[in-house]
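As a plain string of letters, each chain reads:
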Amino acid sequence: MSVDLKQFHQVFIEESFEGLDAMENALMELNPEAPDSETINTIFRSAHSIKGGAGTFGFKRLADFTHILETLLDQIRSNSRGLDTNLVNLFLQSVDCMREMLDLIQQDSEEYPESARELKQKFEEVLNGDSKVASKPAQNNEQQNEDKPVCNILSRYKTWSIQFHPHSDIIRSGNDPLRILRELSRLGKLNCTQVYFDAPGLAEFDPDTCYLAWDLELRTSADLSEIEEVFEWVIDDSSVEIKEIKSDSVAHTRVNFKPHQDIYLSGNDPYRIIEELLINFEVIAIDVITDQLPELKSFNSEHCYLSWSIDLAGSFSQDDVLKAFEWVVDEAEIGFEKIEADEAKEPNQSDAENETDSKPANSNKTQAASDKAPSSGRKSTSSDASSIRVGIDKIDNLINMVGELVITQSMLGQLSTDFEMSKIPKLMEGLSQLELNTRELQESVMRIRMLPISFAFSRFPRMVRDLGQRLGKKIHLEMRGENTELDKTVMEKIGDPLVHLVRNAVDHGIELPEQRRAAGKDEEGHIILNAYHQGGNVNIEIIDDGKGLDRNVLIAKAIDKGLLSEQDAFALSDEQAFDLIFHAGFSTAKEVSDVSGRGVGMDVVKKNIHALNGNIELHSKMGEGSKIKISLPLTLAILDGQLVSVCDQTYIFPIVSIIESMQYKREAVNDIAGGCSVFMLRDEYVPVIKLHDIFNISKEKNSESQELMVVVESEGEKVGLVVDELQAQQQVVIKSLEENYHRVEGVSGATILGDGTVALILDIPGIVRLAGIDKVNEQVRELTFAHKNQEKKSA
Amino acid sequence: MAKILAVDDSASMRQMVSFTLKGAGHDVYEASDGVEALKMANSQSGVDLVISDINMPNMDGISLIKELRALPDYKFTPILMLTTESGSDKKSEGKAAGATGWIVKPFNPDQLLATIGKVI
Numbered sequence: 017m018s019v020d021l022k023q024f025h026q027v028f029i030e031e032s033f034e035g036l037d038a039m040e041n042a043l044m045e046l047n048p049e050a051p052d053s054e055t056i057n058t059i060f061r062s063a064h065s066i067k068g069g070a071g072t073f074g075f076k077r078l079a080d081f082t083h084i085l086e087t088l089l090d091q092i093r094s095n096s097r098g099l100d101t102n103l104v105n106l107f108l109q110s111v112d113c114m115r116e117m118l119d120l121i122q123q124d125s126e127e128y129p130e131s132a133r134e135l136k137q138k139f140e141e142v143l144n145g146d147s148k149v150a151s152k153p154a155q156n157n158e159q160q161n162e163d164k165p166v167c168n169i170l171s172r173y174k175t176w177s178i179q180f181h182p183h184s185d186i187i188r189s190g191n192d193p194l195r196i197l198r199e200l201s202r203l204g205k206l207n208c209t210q211v212y213f214d215a216p217g218l219a220e221f222d223p224d225t226c227y228l229a230w231d232l233e234l235r236t237s238a239d240l241s242e243i244e245e246v247f248e249w250v251i252d253d254s255s256v257e258i259k260e261i262k263s264d265s266v267a268h269t270r271v272n273f274k275p276h277q278d279i280y281l282s283g284n285d286p287y288r289i290i291e292e293l294l295i296n297f298e299v300i301a302i303d304v305i306t307d308q309l310p311e312l313k314s315f316n317s318e319h320c321y322l323s324w325s326i327d328l329a330g331s332f333s334q335d336d337v338l339k340a341f342e343w344v345v346d347e348a349e350i351g352f353e354k355i356e357a358d359e360a361k362e363p364n365q366s367d368a369e370n371e372t373d374s375k376p377a378n379s380n381k382t383q384a385a386s387d388k389a390p391s392s393g394r395k396s397t398s399s400d401a402s403s404i405r406v407g408i409d410k411i412d413n414l415i416n417m418v419g420e421l422v423i424t425q426s427m428l429g430q431l432s433t434d435f436e437m438s439k440i441p442k443l444m445e446g447l448s449q450l451e452l453n454t455r456e457l458q459e460s461v462m463r464i465r466m467l468p469i470s471f472a473f474s475r476f477p478r479m480v481r482d483l484g485q486r487l488g489k490k491i492h493l494e495m496r497g498e499n500t501e502l503d504k505t506v507m508e509k510i511g512d513p514l515v516h517l518v519r520n521a522v523d524h525g526i527e528l529p530e531q532r533r534a535a536g537k538d539e540e541g542h543i544i545l546n547a548y549h550q551g552g553n554v555n556i557e558i559i560d561d562g563k564g565l566d567r568n569v570l571i572a573k574a575i576d577k578g579l580l581s582e583q584d585a586f587a588l589s590d591e592q593a594f595d596l597i598f599h600a601g602f603s604t605a606k607e608v609s610d611v612s613g614r615g616v617g618m619d620v621v622k623k624n625i626h627a628l629n630g631n632i633e634l635h636s637k638m639g640e641g642s643k644i645k646i647s648l649p650l651t652l653a654i655l656d657g658q659l660v661s662v663c664d665q666t667y668i669f670p671i672v673s674i675i676e677s678m679q680y681k682r683e684a685v686n687d688i689a690g691g692c693s694v695f696m697l698r699d700e701y702v703p704v705i706k707l708h709d710i711f712n713i714s715k716e717k718n719s720e721s722q723e724l725m726v727v728v729e730s731e732g733e734k735v736g737l738v739v740d741e742l743q744a745q746q747q748v749v750i751k752s753l754e755e756n757y758h759r760v761e762g763v764s765g766a767t768i769l770g771d772g773t774v775a776l777i778l779d780i781p782g783i784v785r786l787a788g789i790d791k792v793n794e795q796v797r798e799l800t801f802a803h804k805n806q807e808k809k810s811a
Numbered sequence: 002m003a004k005i006l007a008v009d010d011s012a013s014m015r016q017m018v019s020f021t022l023k024g025a026g027h028d029v030y031e032a033s034d035g036v037e038a039l040k041m042a043n044s045q046s047g048v049d050l051v052i053s054d055i056n057m058p059n060m061d062g063i064s065l066i067k068e069l070r071a072l073p074d075y076k077f078t079p080i081l082m083l084t085t086e087s088g089s090d091k092k093s094e095g096k097a098a099g100a101t102g103w104i105v106k107p108f109n110p111d112q113l114l115a116t117i118g119k120v121i
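So the sequence lines, in the order shown, correspond to chains F and E.
Under the numbering used here, read the first sequence as residues 17 to 811, first letter to last.
Under the numbering used here, read the second sequence as residues 2 to 121, first letter to last.
Worth flagging that the hints you see were computed from the coordinates, not collected in a lab.
Careful, some of the hints might be misleading.
[To be verified] Covered, in the sense of this in silico footprint (three residues per stretch, anywhere, with C-beta under 8 Å from a C-beta of chain E), are these stretches of chain F:
id, segment
1, 188-194
2, 246-252
[Unchecked claim] Derived BS3-like pairs (lysine-lysine); straight-line CA-CA distance at most 30 Å:
id, chain 1, residue 1, chain 2, residue 2
3, F, 76, E, 67
4, E, 23, F, 22
5, E, 96, E, 4
6, E, 4, E, 40
7, E, 40, E, 23
8, F, 645, F, 504
9, E, 76, E, 92
10, F, 76, E, 92
11, F, 76, E, 23
12, E, 76, F, 76
13, F, 645, F, 577
14, F, 751, F, 623
15, E, 67, F, 410
16, F, 734, F, 509
17, E, 40, E, 67
18, F, 577, F, 504
19, E, 4, F, 22
20, F, 681, F, 734
21, F, 339, F, 205
22, F, 577, F, 623
23, F, 706, F, 734
24, F, 22, F, 76
25, E, 92, F, 259
26, F, 681, F, 706
27, F, 138, E, 91
28, F, 490, F, 645
29, F, 205, F, 354
30, F, 573, F, 734
31, F, 509, F, 645
32, F, 259, E, 96
33, F, 205, F, 259
34, F, 136, E, 92
35, E, 67, E, 96
36, F, 490, F, 537
37, F, 136, E, 91
Where is the CB? At the ideal position from N, CA and C, for every residue including glycine.
Build out the structure end to end from the sequences listed, making use of the hints.
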């Protein structure tokens, strides 16, 4: 039976990742001075499981790597080795390394991470520090298996004498001597030469005790180790003696076997017949007679040209021998010859070897090839489809919901069979029930994609610990609201920005212990990760009690980088000053450390969060710390949208991007250079984009007076979009355009409205790019500034 | 066809064992640790074979074997443990607890079938 192990790979990889998480957590918890044995056990179990699985599923390198880890952990577990911080760090590194290896396995890559080699060497050094018990024995074992001697056909079959005297308690261990005998008989031909039955009188007879013993004779091609394997589980307690019975070259019988030349056509194989003789008789020599072989040109591959002479020792009847030839005896020539002891001739072994060995070798090859074919064919389908673990309660809820939907549906169905006007209230009731069911179902389905944010948070304790150690800072990390749920896709995309922000907090926020002491703070810095739901959003806060942002440093830096003029700097509010760090090319670290400031700046963080329809805010107070608040939509699949109409078209604005809406007054609009208009919105100018221009919709002129303007935020700038009408606000399900059509600038997706029409969802930054407004912003800012000065003067 | 109880905390190993045995026509019950296995062993009668991992949370394989052997129904039931080559002392510990035999990890489905063929 062949089982395709590939189908278990995904499960193995997932559970290994989980195991590694558990291992990491346990390592973090571990106090090297006084290790808790249960914690050590957890770590050991993880390594052990990964090793077992890796070996079984054929990931040899991972198995080798975890083997050495396991050996070390086993020594620690049994208290034969102490533990220190250095070793814990090494283990933590190995967790990362195994993660990397698992990633590679998932990608079907044959690569071996360099770090694994280094770590393995380090572990070996630790192991060899006091003894030479490295992974040698495992390697030796394998070699033995590979170099299994190819024995020739004669020496393969031997007769063994086996004395099996089981321990009297054998049955109590669940080992049944009968099963062992049965197993032996599978190896070859088993004869029982003697049975001992040494039972006491019936009064003392204990049915749980084994009183039997056997002397056996086994004729088999199996070697000693295979026979011993049968006794593997009992050999320590029972008395088992296995000896080879050498056959003397005494008088024997020679069987001359000349098969019919068409023997192959009957489906018989002379080789199989000889094999049978080898099993049942003591064959001492086989000679292949090849003189009938024709010239190559007249050779017919379907014919058998060979004949054999087989020497059998021992006593037997000719009929027994003929049984092996039963199916071919009528066509073949078979003769028996008695050979005296001194005539025993040296068998022409080389021919016999060539003949008999070539066949099994061939058949092995074809088998190997057929084994290989399916696995290589399946490779392409190896699943990188990520899976999701869903709590049973969610599934139950869903099933419940569907049940209710079915009830409502059947209720409505029944209503329609004999409908009268008087039943309209009932219909309305049914429809509202349906609406309720649908909404609940939608919510339940969305909840399936929801994962607790601890998935994203879990890496931080380790990261903060490692960074803190490296930078010489004492940091306490507190995580709150770890059970706050978030869409899986959002979770995956928020990971990197969060890492960046936490790194920043550790690197730039928290001060060194002595600085903190000098500032009158606790030596240990605090970082809080807080997640909570608010409205339709998830908020994540990263709070540190470090030195906070220095407004003046930020402004000086911005001026230095040419992001800001000195004049503007004067007018900036604190908030605007802090916002500077989100500008591209802004890094306040004096020197680029390897912890943060590695090119990915806060601008990228902001961009990533905006790409998720999220928002990021920063509050900071000099000397007291900073707080970064990220708000994200719960899911990417559904969007809170504002429906607007432009002529007869409907578009959808993401509500998060809308700041306000107002009447579009022609008199408040100025045209400025660059073909752009700006709108005077209270005391600032806002560039105006007419949606019908962007989408090339022809428009009747007189309608302009009723136009509305929606003020939206695009990458930190306000922009006014002119539309005809505002319609309802509703949740819309986002359908990707890229998947069904192709990417369209200015449009992030589409949705289907209640009446079945398709509406496009606007991508605000894209629209702004389309209108070419982003270049005008500088001008607009100047205008606003000038306007403010004017106001001051007039005041 | 035999009724087999497969105990392992690793889901992939358990699935592999279970899939292989089911493929060979056996009736397989799965448990993820010793406690669960013991509960299952108590509620099932006529189990022909128990295959158990050693290192498991809650109740490890050795304790499971001891508990099982103490049950009248499991006095003679073959119990095989899954071990790794580094666990030679585990083998004797397991035997002392009453294990019938062992299967050394890593093993492939064919080896598994061949081994359980010894006891059922």
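Here's how the hints hold up against the structure:
no., hint, in the structure
1, 188-194, "holds (count 5)"
2, 246-252, "holds (count 4)"
3, F:76 with E:67, "violated (33 Å)"
4, E:23 with F:22, "holds (17 Å)"
5, E:96 with E:4, "holds (22 Å)"
6, E:4 with E:40, "holds (16 Å)"
7, E:40 with E:23, "holds (21 Å)"
8, F:645 with F:504, "holds (20 Å)"
9, E:76 with E:92, "holds (19 Å)"
10, F:76 with E:92, "holds (24 Å)"
11, F:76 with E:23, "holds (26 Å)"
12, E:76 with F:76, "violated (38 Å)"
13, F:645 with F:577, "holds (26 Å)"
14, F:751 with F:623, "holds (22 Å)"
15, E:67 with F:410, "violated (39 Å)"
16, F:734 with F:509, "holds (26 Å)"
17, E:40 with E:67, "holds (14 Å)"
18, F:577 with F:504, "violated (38 Å)"
19, E:4 with F:22, "holds (26 Å)"
20, F:681 with F:734, "holds (17 Å)"
21, F:339 with F:205, "holds (15 Å)"
22, F:577 with F:623, "holds (20 Å)"
23, F:706 with F:734, "holds (14 Å)"
24, F:22 with F:76, "holds (15 Å)"
25, E:92 with F:259, "holds (26 Å)"
26, F:681 with F:706, "holds (13 Å)"
27, F:138 with E:91, "holds (27 Å)"
28, F:490 with F:645, "holds (24 Å)"
29, F:205 with F:354, "holds (25 Å)"
30, F:573 with F:734, "holds (25 Å)"
31, F:509 with F:645, "holds (16 Å)"
32, F:259 with E:96, "holds (26 Å)"
33, F:205 with F:259, "holds (16 Å)"
34, F:136 with E:92, "holds (27 Å)"
35, E:67 with E:96, "holds (10 Å)"
36, F:490 with F:537, "holds (12 Å)"
37, F:136 with E:91, "holds (25 Å)"
Hint compliance for this structure: hints 3, 12, 15, 18 are broken, all remaining hints hold.
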